[in-house]
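As you go down the protein sequences, you meet chains A and B in turn. Numbering follows UniProt numbering, in which position 442 of the first sequence is assigned residue number 442; successive positions increment by one, without gaps. Numbering follows UniProt numbering, in which position 347 of the second sequence is assigned residue number 347; successive positions increment by one, without gaps.
Hints in this document: simulated from the structure, not taken from any laboratory. None of the values given here were measured: they were computed from a predicted structure. Please note that a few of the clues may not be correct.
Examples of chain A residues toward chain B, derived with CB under 10 Å [unchecked claim]: (1) L16; (2) H134; (3) A167; (4) L205; (5) S256; (6) P260; (7) P315; (8) S328; (9) G331; (10) V387.
C-beta atoms are modelled at their ideal positions from N, C-alpha and C, and glycine is treated no differently.
2 protein chains.
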Amino acid sequence: MSSGRSTALHTDRYELTMLDAALRDGTASRRCVFEVFGRRLPGGRRFGVVAGTGRLLSLIRDFRFGPEELRFLRDARIVDAATVAWLETYRFSGVVTGYREGELYFPGSPILTVEGTFADAVILETLILSVMNHDSAIATAAARMSIAADGRPLAEMGSRRAGEESAVAAARAAYIAGFSATSNLEAGRRWSIPTMGTAAHAWTLLHDDEESAFRSQVDAMGPETTLLVDTYDIAEGVRTAVRVAGPALGGVRIDSGDLPTVAAAVRAQLDALGATGTKITVTSDLDEYAIAALAASPVDAYGVGTSVVTGSGHPTAGMVYKLVARESASGDWIPVAKASTEKASRGGRKRAGRVIEEGTATTELLRIVDAGDVSDTVPRGTRALQVVLVDAGETDAAFEGPRGVEGARRHHAQVRAELPLGGYGLSRSDPAIPTVYQEGAPPSEA
Amino acid sequence: MSSGRSTALHTDRYELTMLDAALRDGTASRRCVFEVFGRRLPGGRRFGVVAGTGRLLSLIRDFRFGPEELRFLRDARIVDAATVAWLETYRFSGVVTGYREGELYFPGSPILTVEGTFADAVILETLILSVMNHDSAIATAAARMSIAADGRPLAEMGSRRAGEESAVAAARAAYIAGFSATSNLEAGRRWSIPTMGTAAHAWTLLHDDEESAFRSQVDAMGPETTLLVDTYDIAEGVRTAVRVAGPALGGVRIDSGDLPTVAAAVRAQLDALGATGTKITVTSDLDEYAIAALAASPVDAYGVGTSVVTGSGHPTAGMVYKLVARESASGDWIPVAKASTEKASRGGRKRAGRVIEEGTATTELLRIVDAGDVSDTVPRGTRALQVVLVDAGETDAAFEGPRGVEGARRHHAQVRAELPLGGYGLSRSDPAIPTVYQEGAPPSEA
Chain A
1 MSSGRSTALH TDRYELTMLD AALRDGTASR RCVFEVFGRR LPGGRRFGVV
51 AGTGRLLSLI RDFRFGPEEL RFLRDARIVD AATVAWLETY RFSGVVTGYR
101 EGELYFPGSP ILTVEGTFAD AVILETLILS VMNHDSAIAT AAARMSIAAD
151 GRPLAEMGSR RAGEESAVAA ARAAYIAGFS ATSNLEAGRR WSIPTMGTAA
201 HAWTLLHDDE ESAFRSQVDA MGPETTLLVD TYDIAEGVRT AVRVAGPALG
251 GVRIDSGDLP TVAAAVRAQL DALGATGTKI TVTSDLDEYA IAALAASPVD
301 AYGVGTSVVT GSGHPTAGMV YKLVARESAS GDWIPVAKAS TEKASRGGRK
351 RAGRVIEEGT ATTELLRIVD AGDVSDTVPR GTRALQVVLV DAGETDAAFE
401 GPRGVEGARR HHAQVRAELP LGGYGLSRSD PAIPTVYQEG APPSEA
Chain B
1 MSSGRSTALH TDRYELTMLD AALRDGTASR RCVFEVFGRR LPGGRRFGVV
51 AGTGRLLSLI RDFRFGPEEL RFLRDARIVD AATVAWLETY RFSGVVTGYR
101 EGELYFPGSP ILTVEGTFAD AVILETLILS VMNHDSAIAT AAARMSIAAD
151 GRPLAEMGSR RAGEESAVAA ARAAYIAGFS ATSNLEAGRR WSIPTMGTAA
201 HAWTLLHDDE ESAFRSQVDA MGPETTLLVD TYDIAEGVRT AVRVAGPALG
251 GVRIDSGDLP TVAAAVRAQL DALGATGTKI TVTSDLDEYA IAALAASPVD
301 AYGVGTSVVT GSGHPTAGMV YKLVARESAS GDWIPVAKAS TEKASRGGRK
351 RAGRVIEEGT ATTELLRIVD AGDVSDTVPR GTRALQVVLV DAGETDAAFE
401 GPRGVEGARR HHAQVRAELP LGGYGLSRSD PAIPTVYQEG APPSEA
């Protein structure tokens, strides 16, 4: 899934100026541990969903400085000649561990841990955060919509309300979090996500009247197609649709109006016309709250646009990339953390496990371990949350491509089922489970 | 500025299923006019800023279906063999007119008009809206921040809070709307936007103490660099910074705390230390309101992250792509519009002009003209708003690349100066000027 295009300049300038200075003063080779985590869950949400990981792996592989990138850095005097030479052979050679894609996360969860020299690791900050913050924001919103839809199919159709590449990533993240399909063809091609869609209002307006538009669509796609019935008058549109396609009509789509009222009226009308098997899809400005409000309505499927691709009010997950431990001049590991005011965080490498009691998650347990301790131990009695994603620079192909997407989707469904009941609520609240830090030696029992 | 990669599948599936059906029933060749406009300005804003146009032109040029795209469409049975054959030679051959990039817009403003056959024009919907909705949302938020900053330099540093490609587009849109620089190196390379940035908290944490971190940075970048002083204690950080760099220190950056209080204290401390020329940059969770609240504080420059790249609460401009006129079976032009409920719009091609009285904009005048009328007449007494961007499929290079960005930035500064005083307010309100539709023949005087 490598794009082949360099991703190396998707980087904030200060990362390269720090590299430049670190190569001069010798600290560039100090071994470091950086962690990606969110200080809080945006919007009073009860959980977050990790997404972007599989996509990130190939972007890290493409993080190479080619002639074009190096020429820019030299000509714009971003770094000096020695740094340009160093970047020329750069290839990330460290280790990345992290939560599996699709996993839930909570405040402080170390969703990615990047280990390497300072030079190795510092320059990946922006790329990693761009991908994880965007995709996790979408997946988190999408999971809430998937909970609200309660098993009814949900299609993502918001590409037009997001940047053209973010739209593809959004379709992918929504699918991982429980959506069933996307309107975005590039997401279909790139990630093998099922695609859907039949016609827009322009189709009806193009034709001399609604009937000829419907007839033409049914001729092309068969009576099992979905007809958009709200270009002029919905009741008239439904009548025309059934007259043209017959009672075997696959579906009607409604894109405007007060949906609970309209859906009930359309269902009654379809049933009266004998079209009892015709499904109703609604697509007008839905978000998780509107979907939940339609739970008792005769709606068969939802199409969601703007709200899912913009994270339903929270377009970024707000995660940060922080140095939590580093090697000292004498080679010892030292936990480090910013001390000032509201942005303080916990230094030290975290080993993460989720305490599961009788199938239900109760605690996010983060054990602060010696950064030199690379053993795989997790707190006893917990489900281990971290897996190796990149080892000595080599990415794990199992997490990439369409296979990675399917794996993440399955994993998400499994772990979401571990949420305590309160975790499924849509209103603002505390995280579904508390995050507990453990210092020092492994506890005898979690 | 062509990326060389096909953009053809950044498309919602329904566009291709409509194309498929239209090629069968003969309506594919009907000439059509589609318009891009916003029904309202999100968030009670007083104006919108058009952005994305220059970027879009090269993406339209790359909208070609190559072997990989065609194979996907065939294998996934999105369209039939005849449509695959048609797409194989597709290249947009119509005309696109639109508002200049950087121009202001108001409800209903036809910021882009796409003319061609139905087949030509319908399949560009998603790509056009993705680019214009994202970039215009960012530019609109950025313009408000630029107004609030009132001449102080503003840097965009939000890449980590946006998808990796949207981040580059956001840097570009913010620069057009008045930002002075970006942290994003790819935006520097691709669009020649000035880049900035020196060091993160990780730089200080990497070193044995703050003093050695500062010393090393000053050694590498000179005393004119900007030192980040809030890793531990700000007052101590400022003292150390001036001790290390001397009173000629270029700047200090503060990324946390109550900024009005902190900025005043740091200014007093710097002055007492003789560092009267040292500038103060603040970068902590700023948006247009926080910037406005710092107007009286001794702040020299702002760095804005999350809020600008996410449109400060409105991550999409919410513009739509609507068929407004089409050719009938007999070759006449017919204005068309969706009739139902809250999403109704005005049919017919619009000719747009802004009434300017003594240098101040007073009205957005949209004259509904016969779609066959391709003369360049605008309502008399107004500034013409539409220019030709693509003619017979050929894009106008003047609007593309770094030159296009500089032109858009200049144009934005000029036209923003035409706003009436009420247009500069940040609170929720009506649009700065009303949109007035004129039907029928040209008026004798606007």
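Interface hint for S328(A), Cβ within 10 Å of any Cβ on chain B: holds, 7 Å
Mind checking the CB of V387(A) against every CB in chain B and telling me if the closest is under 10 Å? Because about 23 Å separates V387(A) from the closest Cβ in chain B, which is outside the 10 Å limit, the hint is violated.
Hint status (Cβ of P260(A) to nearest Cβ of chain B, threshold 10 Å): violated, 15 Å
Let's test the interface hint: is any C-beta of chain B closer than 10 Å to that of L16(A)? Constraint on L16(A) satisfied, holds at 7 Å.
Hold the hint about L205(A) up to the distance rule: shortest CB distance to chain B must be less than 10 Å. Hint on L205(A): holds, closest Cβ of chain B at ~4 Å, below 10 Å.
Does the interface hint hold: is H134(A) within less than 10 Å of chain B, judged Cβ to Cβ? At about 4 Å, which falls below the 10 Å cut-off, the nearest Cβ of chain B leaves the hint on H134(A) intact, so it holds.
Using Cβ atoms only, decide whether A167(A) comes closer than 10 Å to chain B, and label the hint accordingly. OK, holds: A167(A) within 10 Å of chain B, min 6 Å.
Taking the least C-beta to C-beta distance, is S256(A) closer than 10 Å to chain B? Holds - the Cβ of S256(A) comes within 10 Å of chain B, reaching about 5 Å at its closest.
Min Cβ distance, P315(A) to chain B: is it shorter than 10 Å? This hint holds: P315(A) lies near chain B, its Cβ roughly 4 Å from the closest one there, short of 10 Å.
Under 10 Å, Cβ to Cβ, is where G331(A) needs to be relative to chain B, so tell me if that hint holds or is violated. For G331(A), the interface hint is violated, since the closest Cβ of chain B sits about 13 Å away, which is over 10 Å.
Hint violations for this structure: numbers 6, 9 and 10, all remaining hints satisfied.
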